[in-house]
Structures are given as structure tokens and as C-alpha cells.
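Student: Respectively, the protein sequence lines represent chains A and B.
Residue 4 in UniProt numbering sits at position 4 of the first sequence; the count goes up by one each step and never skips.
Residue 127 in UniProt numbering sits at position 127 of the second sequence; the count goes up by one each step and never skips.
I should point out that these hints are in silico values taken from the structure, not numbers from a laboratory.
Since this is a predicted model, take the numbers as computed values, not measurements.
The C-beta atom is built at its ideal place from N, Cα and C for all residues, glycine as well.
Check before you lean on any hint, since a few could be wrong.
Chain B is nowhere near these chain A residues, computed Cβ spacing over 12 angstroms in every case [said to hold, decoys possible]:
#1 70
#2 149
#3 211
SDA-like, lysine to any residue: derived pairs with alpha carbons at most 25 angstroms apart [said to hold, decoys possible]:
#4 156(B) to 50(B)
#5 98(B) to 23(B)
#6 74(A) to 296(B)
#7 74(A) to 19(B)
#8 162(B) to 64(B)
#9 162(B) to 23(B)
#10 296(B) to 71(A)
#11 296(B) to 67(A)
#12 172(A) to 242(B)
#13 172(A) to 141(B)
#14 74(A) to 303(B)
#15 74(A) to 156(B)
#16 74(A) to 240(B)
#17 162(B) to 242(B)
#18 74(A) to 302(B)
#19 296(B) to 55(A)
#20 74(A) to 109(B)
#21 74(A) to 2(B)
#22 296(B) to 17(A)
#23 296(B) to 172(A)
#24 296(B) to 70(A)
#25 74(A) to 9(B)
#26 172(A) to 240(B)
#27 69(B) to 88(B)
#28 74(A) to 69(B)
#29 156(B) to 182(B)
#30 296(B) to 246(A)
#31 162(B) to 284(B)
#32 296(B) to 51(A)
#33 162(B) to 240(B)
#34 74(A) to 88(B)
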Amino acid sequence: MTLQDASSSLEFPRIVDVGLCGMLVTFSNTLTDSANGAALAFREAVDALGLDGIMESSTSLTSAFVIFDPIALKREVLRQALSELVQDRDWETAGLPANRVRWTIPAVFGGDVAGPQLEEAAGLARVSTEVAVNELCSNPLRVMTLGFAPGQPYLGSLPENWAIPRQTGLTKRVPVGAITVAIRQIVLFSTSTPTGWRQVGVCGFKAFRPEAEQPFALRPGDEIRFRSVSWQEYDDVLARDQSGDGGAECEDLR
Amino acid sequence: MTAVLSVLRAGPAMSVQDLGRPGHMGEGLSHGGAADREAFLEGVALLDQTVECAAIEMAAFGGDFTVSKDIRIALTGAPMVATCDGEALAWNASHLVKAGKRLSIGAARSGVYAYLHVGGGVQTQPFLESRSTHLTAGIGTLIATGQELPVGTDAKPNDVNKMILPEPRFEGGTVRILPSVQTQSFSQDVLERFQATVFKRSPRANRQGLELVFEGEPFGTTDQLTVLSEPMVAGDIQMTGEGAPFVLLPECQTTGGYPRIGTVLPVDLPIIAQAGPGDELRFRFVEYDAALHSHKSTAQRLTEMTAMVSPMVRDPHDMRDLLAYQLVGGVVDALNEAD
Numbered sequence: 001m002t003l004q005d006a007s008s009s010l011e012f013p014r015i016v017d018v019g020l021c022g023m024l025v026t027f028s029n030t031l032t033d034s035a036n037g038a039a040l041a042f043r044e045a046v047d048a049l050g051l052d053g054i055m056e057s058s059t060s061l062t063s064a065f066v067i068f069d070p071i072a073l074k075r076e077v078l079r080q081a082l083s084e085l086v087q088d089r090d091w092e093t094a095g096l097p098a099n100r101v102r103w104t105i106p107a108v109f110g111g112d113v114a115g116p117q118l119e120e121a122a123g124l125a126r127v128s129t130e131v132a133v134n135e136l137c138s139n140p141l142r143v144m145t146l147g148f149a150p151g152q153p154y155l156g157s158l159p160e161n162w163a164i165p166r167q168t169g170l171t172k173r174v175p176v177g178a179i180t181v182a183i184r185q186i187v188l189f190s191t192s193t194p195t196g197w198r199q200v201g202v203c204g205f206k207a208f209r210p211e212a213e214q215p216f217a218l219r220p221g222d223e224i225r226f227r228s229v230s231w232q233e234y235d236d237v238l239a240r241d242q243s244g245d246g247g248a249e250c251e252d253l254r
Numbered sequence: 001m002t003a004v005l006s007v008l009r010a011g012p013a014m015s016v017q018d019l020g021r022p023g024h025m026g027e028g029l030s031h032g033g034a035a036d037r038e039a040f041l042e043g044v045a046l047l048d049q050t051v052e053c054a055a056i057e058m059a060a061f062g063g064d065f066t067v068s069k070d071i072r073i074a075l076t077g078a079p080m081v082a083t084c085d086g087e088a089l090a091w092n093a094s095h096l097v098k099a100g101k102r103l104s105i106g107a108a109r110s111g112v113y114a115y116l117h118v119g120g121g122v123q124t125q126p127f128l129e130s131r132s133t134h135l136t137a138g139i140g141t142l143i144a145t146g147q148e149l150p151v152g153t154d155a156k157p158n159d160v161n162k163m164i165l166p167e168p169r170f171e172g173g174t175v176r177i178l179p180s181v182q183t184q185s186f187s188q189d190v191l192e193r194f195q196a197t198v199f200k201r202s203p204r205a206n207r208q209g210l211e212l213v214f215e216g217e218p219f220g221t222t223d224q225l226t227v228l229s230e231p232m233v234a235g236d237i238q239m240t241g242e243g244a245p246f247v248l249l250p251e252c253q254t255t256g257g258y259p260r261i262g263t264v265l266p267v268d269l270p271i272i273a274q275a276g277p278g279d280e281l282r283f284r285f286v287e288y289d290a291a292l293h294s295h296k297s298t299a300q301r302l303t304e305m306t307a308m309v310s311p312m313v314r315d316p317h318d319m320r321d322l323l324a325y326q327l328v329g330g331v332v333d334a335l336n337e338a339d
């Protein structure tokens, strides 16, 4: 494949320029766990390249993004390096980044305060609220990307019946810790904002901790599993744990 | 004891800004920082200090301030009427403000973002190596009336009455753009019409970005894109659901799902940020090499500006003013001033 092909081809992976200082490597135009894994693995490999002039890297759901200093690092040189790296291996099976962790987070689902839209969301997913909560909690979900707000995770993928749309209107404001669903993903809100995602639960885990030494609690590739608890247990947990973890337990993933 | 800057009256959108905190896009935090980086650097150059010295950004309206000790200030960005105890202060210049005097800054005469720099910088608590308020991320808050801002130690407390001529950028104009993530999804016709269209800033504008209004058909992509959210940066031009452009500024979200037709060159971004209501904006695609040629690193740009800083020149019939000023300000470098 020539460099020209790599830029203009509609094949994936695809390398696209973003203005003067950005380059985007996209692995798919639809979200799958493997395309997301490819983006995460590729970004780690880009960082490992240690090219002078790369200012920062990040990932979206299915892409890795590089911001570079165009004076220190010629665009052609970066493109060549990324192009070679793309072809170096099958990124969809390359494996997720090292040092990942899994959080198990106590959460309250349903009810006017914790999950005012659980019934509506469950209806769209064609299951009862009980089954809905089971489905949301049964499997660990991957932090597919952090974005929109600082430290805020997009978690996936939920079972296929959760391919439900966002609501057309906006919820005026969801609290920090809101557990919201749409398009087979959960967003765990790190700030209190308006949103089109439906709130089904709440937890005490703060994904963004501006006062902490490490303000970002999660990294892409980490996993989250929610554990449905009663208000009573939730209140007890939060009374004991002021760390921002909200009573969550953390284990290393190998 | 270092000085304290007291805010006697805060404009509606004043915040502490420096060059922001790059390096955290992957964690969902956009760079933030001064909306007009050029103006921020002009202040750094005028006071001959480092880019770590944070300033007060004032959107459209200034405020009233007083200081506990004599401090140096510099005024840059969107020109506003400024006075110190009723005496006019030149814009794009550095001044001494004596302890207890009232510094008043009015509304922008053109442009949007103005900067009040202080010698030693505003010393609020840094977060991730920056003092920039990032409202959308919940980092810091707007400056409020009654607030007292600590001022850092000034390395050159007597170096004042300097001026700089800013690059014109406060009345709109043509900005240069390069392709962005989805530029290829727009037809050649649409790209050409986009470049031929005159845009104006809509009232929907803040540090996240600004919406543009125009006459004519919306700018749609050729196929109905189901765009997955992709990383975005300041300067990206999104086409929203209605096909109207929205240009992103430093406090934008880190990812976005609307197709992007192009990205404004960093060097032209201040023209966008400073476009006031009614100012006309046009876009023109340029070749990558031409864009690179006009690009300067922050350090390069600051060096250039520092070389452009000169002693304040005054009109001959302002001489009486000048004398008074020197007496008040205690400036002894009169020969230099009178040249």
C-alpha cells in the first residue's frame, strides 16, 4: 500500500489529517469491541514509538489521535511512521493495554431519584426493569473511551437489545455519578450536565477528582462492573468511603 | 507580602487564563487556555515575563479593580476603554498602577476577548500545571465581584510604559483552513460554496465555540453520515444538525459527532475568537505547506513580539499629559520617552 492509498482509501484502518497538527487513525466506522481494542492498542504503540514532536495521543471509540508539533516533526515523517505501525500487526487482536484494572461499583438503580428513566429505558430494550438491572450489572463493561467531560467513561458494550436511541429532548441536569444508557453503552457522568442519555441509576464513584493527586480515576481499557444495592447499603457505603471511589472495589486485570 | 488584586466590579465573563493544559485529551479534558493566545502572548511580552504568568480574560466587558501594592499591568486583546483614577490608559501597553488606585475597564470597542495582565501573574492555585479556568470541565469559576486575587512576585517592577502594535484581528476577516476529519464527505460544490459564503457570528458564542449565521442553503455532507464521535480540537468547524457551522474554541469538548468541514489554522484562530457581533468572516482552504510556513511555535512568536515591544510614544500635544504621567508614575526614563 502506498502512502497515497493510505490517505484516500476508504479501507480501514484509515489515516486522515486533522488540520495542521493532528492525525487520526480510524479502525472502523462502526463500534465493535475489537475495533475499540485496536484503537487502544494502537495508541499504546504510538506512545511507545517515542517520536520527537508527538505532543499527545488519545483515543475515541474506534480511533487513535495524535497531536504533533509540525515544525519538530514533519507530517510526512509521522504519516510514514503511523502507516508502518498500522501494517505491523492485526490491531484488532493485539490485546488491550497493560496495567488495566476492574472496578466493582455499588449502585442504586430505578426510582425517582436514582434512576428516573429506568422503566422507559427497559421498555425500549424490551425487558422488565428487573431483567434490565441484571443485564446492566451482569458483565464487566470496558472503558471504551474517556470524553465529553474530564475523566468521563463511555462503557460498553451492552447486549444488543440495548441499542436504544438517545432521547430527543434533553434531561436538564444529571448528577455526578449518574448511570445513563443509550446505543449499547453506559455513560457514567463525571460532571453534572444536561444530557440526551437516559438516567437509570446512580453511584458514588467520581471519575473526575479535581482535588486529588490523580484527578482521572479511569483509563481507557479499564473495566467497570456495577453491583445493584439498596439505598440503605448505598448510604452505608458512602458514609464509610469518602475517597471518591464510592465504595468500589478495585482488582488488577492481567 | 506580595500584592492582592481586588475585584471591585466584575464583568459578566471574566476568568483566569494562561496557555491552558495540553496533554489530557485522552482523559476527556480539552486544552482550554486563553481564547486569544496572541493577546495573551502580547501581555507576556509587554511585561517581559514568562507564559506561566496567568492573566485575567475579560469577554466583551471589563471590570473595576484596585491593588494593595504598586503593580505593573498590561492591557491587550479586544480594545476597551481603561482608566486609572479617571486618567486614560493606553491599550496594548504596560502601566504602573499605584496601591489604592481604581483601575476601571469598560466595554470592548471591537473584538471580544481582552486581557488584564499583572506583573508576576495571577497566582491562583494551579491544577495540572495551569491556572486556566475551564468552565465546561468544572475547573475554576468565573471571577466574581469582591474576589481577591493573589499576585505573584514581579521580577521587573519598574519596567513599564511599553507598547506593542497588535496584528489586526478584531473585526473579522478571512481565515485560512485545512481539511479535517470529514472534509472528504463534503462535495466539491459545497466546499466551494462554503468558501464563497460570508458568515457572521451568531449570539451563540462562548469559550467552547461560536455559531455562524449566513444566507443560503445548509452545508450538508453527500451521504447521510452516522459519524462516531471523533477527537476534536480548537479550530475545527463542525456542521451541526441544521448544516450551520460551529467553530470550536479552547474549551470545546474533546470529542464530537458532527461532521467537520475543515480546521482553522492556529495562527488565524484569534480572528475567530475575536469576531464580534456583526463582523464578517470568510474561510479559504490553503495548501498544507503554506499553512506550515505561516505557523510559529509559542516560543518563536513570543521572541518576535518581545522584539516588537517599544517605549510608549506619545503625541507631542500630549506632552503635558506625559509630564503628569511621569510624576504620577515615578518614571525616570524621560529621555527615552520623549524621543
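Student: Of all the hints given earlier, name the ones this structure violates by number, lowest first.
Tutor: Hint check: 1, 2, 3, 5, 9, 15, 16, 17, 20, 21, 23, 25, 28, 29, 30, 31, 33, 34 fail, others pass.
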